[in-house]
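Sequence lines, in order, name chains A and B.
Each residue of the first sequence is one higher than the last, beginning at 1 in UniProt numbering.
Each residue of the second sequence is one higher than the last, beginning at 1 in UniProt numbering.
One thing to keep in mind: the hints can contain errors.
No distinction is drawn between identical chains; accordingly, a pair holds when it is met within one copy or between any pair of copies.
Stated by the list, open to error - Simulated pairs of lysine-lysine, DSS-like, Cα-Cα distance not exceeding 30 Å:
(1) Lys-175 / Lys-123
(2) Lys-348 / Lys-423
(3) Lys-79 / Lys-495
(4) Lys-181 / Lys-322
Don't read these hints as lab results, they were simulated from the structure.
Number of protein chains: 2
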Amino acid sequence: MRYLELCSIEEAKEAISKYLSKYKDVEEVDLFNAVGRVLAEDIISDIDVPPFDRSQMDGYAVKAEDTYTADEDNPITLKVVGSVKAGDVKDIEINHGECIEIATGAGIPKGANAVVMVEYTEKLGDYVKIYKAVAPHENIQYCGTDIMSGELILRKGTKLTPRDIGAIAAIGKNKVKVYKKLNIGIISTGNEIISPGEKLEPYKIYDINAYTLASSILEKGWNFKFYGIVRDDKEELKKAIENALKENDIVLLSGGTSAGVGDLTESAIKELGGEVLIHGIKIKPGKPTIVGVVNDKLVVGLPGYPTSCLIVFDVLFNDEKKTLKAFFPMRHISAKGRTEYLPVSLVKSKNGYSAYSITKGSGAITSLSNADGYVVIEENREILENEDVEVHLLGDIKVGLNIIGSHCIGVDVILKEGNIFAKTINVGSLGGIMAIKRGEADIAGIHLLDNSGEYNIPFIKKYKVRDAVLVRGYIREQGFMFKRDNIDGIEDIIKNIKKYKFINRNKGSGTRILFDKFLKEHGINKDEIDGYGIEAKTHSAVAVSIVMGKADIGMGIRTVAEQYGLRFIPIAEEHYDFLIRKEKLDDEDVKKFIETLKKVKLPFKKPENCGEIIFEC
Amino acid sequence: MRYLELCSIEEAKEAISKYLSKYKDVEEVDLFNAVGRVLAEDIISDIDVPPFDRSQMDGYAVKAEDTYTADEDNPITLKVVGSVKAGDVKDIEINHGECIEIATGAGIPKGANAVVMVEYTEKLGDYVKIYKAVAPHENIQYCGTDIMSGELILRKGTKLTPRDIGAIAAIGKNKVKVYKKLNIGIISTGNEIISPGEKLEPYKIYDINAYTLASSILEKGWNFKFYGIVRDDKEELKKAIENALKENDIVLLSGGTSAGVGDLTESAIKELGGEVLIHGIKIKPGKPTIVGVVNDKLVVGLPGYPTSCLIVFDVLFNDEKKTLKAFFPMRHISAKGRTEYLPVSLVKSKNGYSAYSITKGSGAITSLSNADGYVVIEENREILENEDVEVHLLGDIKVGLNIIGSHCIGVDVILKEGNIFAKTINVGSLGGIMAIKRGEADIAGIHLLDNSGEYNIPFIKKYKVRDAVLVRGYIREQGFMFKRDNIDGIEDIIKNIKKYKFINRNKGSGTRILFDKFLKEHGINKDEIDGYGIEAKTHSAVAVSIVMGKADIGMGIRTVAEQYGLRFIPIAEEHYDFLIRKEKLDDEDVKKFIETLKKVKLPFKKPENCGEIIFEC
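Using the sequences and the accompanying hints, generate a full structural model.
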């Protein structure tokens, strides 16, 4: 194969599956523990199911012809010549005018060709009155009608569900041949990686991929063993790969995000006497993937970013296609010349599912938690926009309330206190309004200040939202946060503004707008502000900058300032309200959400009409 | 509660869930083994992720302002004052005109506010040429932008996916509190039940429910222990329940199908000092369900029929609603006054999924294997017909070729030899034609004899099938099967027809039509035939009747006669052909199907044009 040029995903999958099919050792397992395992044999029945003609009801086995004239007013009377229960082995036969009492599951006696349900009979000593005619074969399950001897029940390669297990039990097998579980060794790499449970050190991040890979491997029904975190050192890496190869069928490497890691892995594979089949795949994310073979076993280097790592693992190792059709209500520009695997978050909407592309990027772990699956965008596609897509699921979809809009920690508190299961997707206030319009969001948290000074309602009107209500939420305090003790108050800030090192927020954020308004009102030129050009993307990032001494002061909400132990001087208040689709007002979870909003103690001010509908459209 | 009247499914679920919530013991598990477990705590981050401003690319950390004039033709030059790798702890800062070489994942040095990707640079000694302008914040992932300290990551009650596990690892936790696995004891009941692996005895059937329940319990992440099969004997049953209660949180009983079993279970629960909460639920299937409590632990008696048993288990114990929208292309009459849980088989069609109700009834194990889920029909609904339905999934859906139509063992051989994964749904030839028309079937096996004597094509025309082809299949021989040695040939049968005890086939079957035609042609009155009224539903059931001595002779296909070691005299030949949707002719599996049909050795005669298209529409 080639490794100077990027290879296609098909080539990579083929290389992998060639080796996966090599590792197909077979073992026999007890049927009780076979669920989820993959059949290594065809299951062919050597019996008929049911193995005899069987009554489907409790009642009387009769000759149907004898009952033809029976109805409620004119019962016929038959002589009861015996009785047969489920499991009974009796050689009995009936003639005309006779019947046999029979239980569900019992064998049909000779001469009988139908069963009258007990509900339509009345027993009188040795005789029984029949109040309903039965047709021949009524209430009889015939021998072999379920499964015929010789019938193929399940094919080799089937991943066994409880229902499959039932079918195997039905034909009397209590053991099955399945493929042995694959053993996969996992090695994390990277100088910056430390293990969860250890103390966080400066400029280090916790290992994520070892855990997501191990969990995915367990979910697939394979075994894993973790060989720890290896520094960016070739000898260390070689040793770890060697150890892992001894005990496993496949070794997975992941963690390092740097471009150099790939070269390290490539050298390690070669120096261990292996061959690098693939170095670089023409997909996004996942370009840095390496596929090598050492001692006839696969050594695969996966991308370091968590979402990329998991998607590439899924694409390469997961052959069970679980897909779902969804509407993509956004616009996404795809990289040309590479197949893109776009992670999406699914929400249940009025008309099925909608798939939102995840905005935080593949480096973000929250992208990973929200990724229900991914959409494959072929390399010749440039734009994905308002269309139906096929979502490849990364596992179970979690359903619940859809809360789409601006993120606020208050929402988390409400969901927690109310014990409400919800999926929160943070797309900003305007994105929330749009999601309500499309029927995808049940609730949208919004805080949009109009030029008129009014919050939220003008935007609902402007964007022509219909069939929704605005529920008053809470008031967030915006202001300056800082840790220096020599700032006395707002006057001091204005007077000495040039002395302080600022950290600003990103353009388009409400906080940025407030800061600009503040400067304008006090006649301060923004060019005089040290750090005006340094932007942070969240309240929390501003707070952290100040705590770490990178900046002296910045604007943000009081809740975050307090969380980080910073001093806070309020500047303005903003309404964070909830736009809710009308048809969802009767939903139990939505009702609970509003009730909890009213009752719960929040780290924000609540207006008197909190939880009330303040606008309807 | 009440147990003379049938209770509603809601009451039953409430009774169960009240006890399920009692059993919520908590344990701490290692994060590596937490996938699939249910969180017993909220997971709140006490760190920011990332915990520092982090480079998303390999390149140079710069002051964005310094690069504004840079482009391909006019690079700017910056002095490289240091380098920082992922994990490096360095206190370095840049001023205007300077930059620092930076690796993906490394901390952004003080003074820098953007990263230029290495692709747009050229290093020259201590200096680097920058060929592209960057905006402030470009290629930087800021501290806390992914997860904020104090943010709720996952809520109590979440069933952990690999992605959730990743999020927990990201915030540095390597242990989580989860609910302990429930321990469930399983007891099978019924005189007619024997264990798989044992020799099949007359009038016995193999235990299925113990296996499907155990597998479902394992799939849910709980533990099970099987306490064997108990006869219909109260004392035995009491002893088994007592044993199971000692070691488990819940005891499940199942197996017996007879009406008497319920009373036995009820008495056993009471005599063990327990209380029967529910005896009978107003649902179909599942009426005989019993819910009792002994020593504050649930004892639940499930229906005996496999599909009923599994559906009732799912309804009562499975709180994770996995549903899927599908089209119901049939007509189903539902029982009034009871909520019906109709098992359905899903097939992927042109426009999403279609849900077929399973026709064999809840006693059939093949109903179970084909049941991808069930549709809930509310008690006031009488008819379900050509409409969208919500399917409650019983697990993973298996996709593959959809082969819908008349069943033939030849199809199984082709699928096996060709190693083709397919779902076969047996709805008869005409049902197959309809499924092709609706785009649900990819292939339909059909064998329909027209009055003209021509097979299949007249019916395709009559039902106005479009965009499909008929591929010539094989020839099945119909004839008489028997085991007696004193039948010499067809002349003997005709001459001595009154002497033999016949078994007939069901009305509407092709074989029945043939038999009637045979009688007519030879001037035989059907009333003279002993057993004309005894109908079997399959070829195999006819054969079994003869093998078991219930009948002497019957009509069926040669393959089945041979399978059962019966003698066979041919009467007629019929064409079993394949109707295939045109757009599927390019499908790999369909191509393989046709190729295999041509090549494979089948237990049927193949005409010369086998595998060729003989009609197009």
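Hints, one by one, checked against the model:
For a Cα distance limit of 30 Å, the shortest separation of Lys-175 from Lys-123 qualifies neither inside one copy, at 46 Å, nor across copies, at 66 Å. With identical chains, the CA atoms of Lys-348 and Lys-423 are at most 30 Å apart both within one copy (10 Å) and between copies (28 Å). In this assembly of identical chains, the alpha carbons of Lys-79 and Lys-495 never lie at most 30 Å apart, being 111 Å within a copy and 37 Å across copies at closest. Proximity of Lys-181 to Lys-322 under the C-alpha cut-off of 30 Å is found in both arrangements, the shortest distances being 21 Å within a copy and 27 Å between copies.
Figure legend: structure checked against the earlier numbered hints; hints not met, in rising order: 1 and 3.
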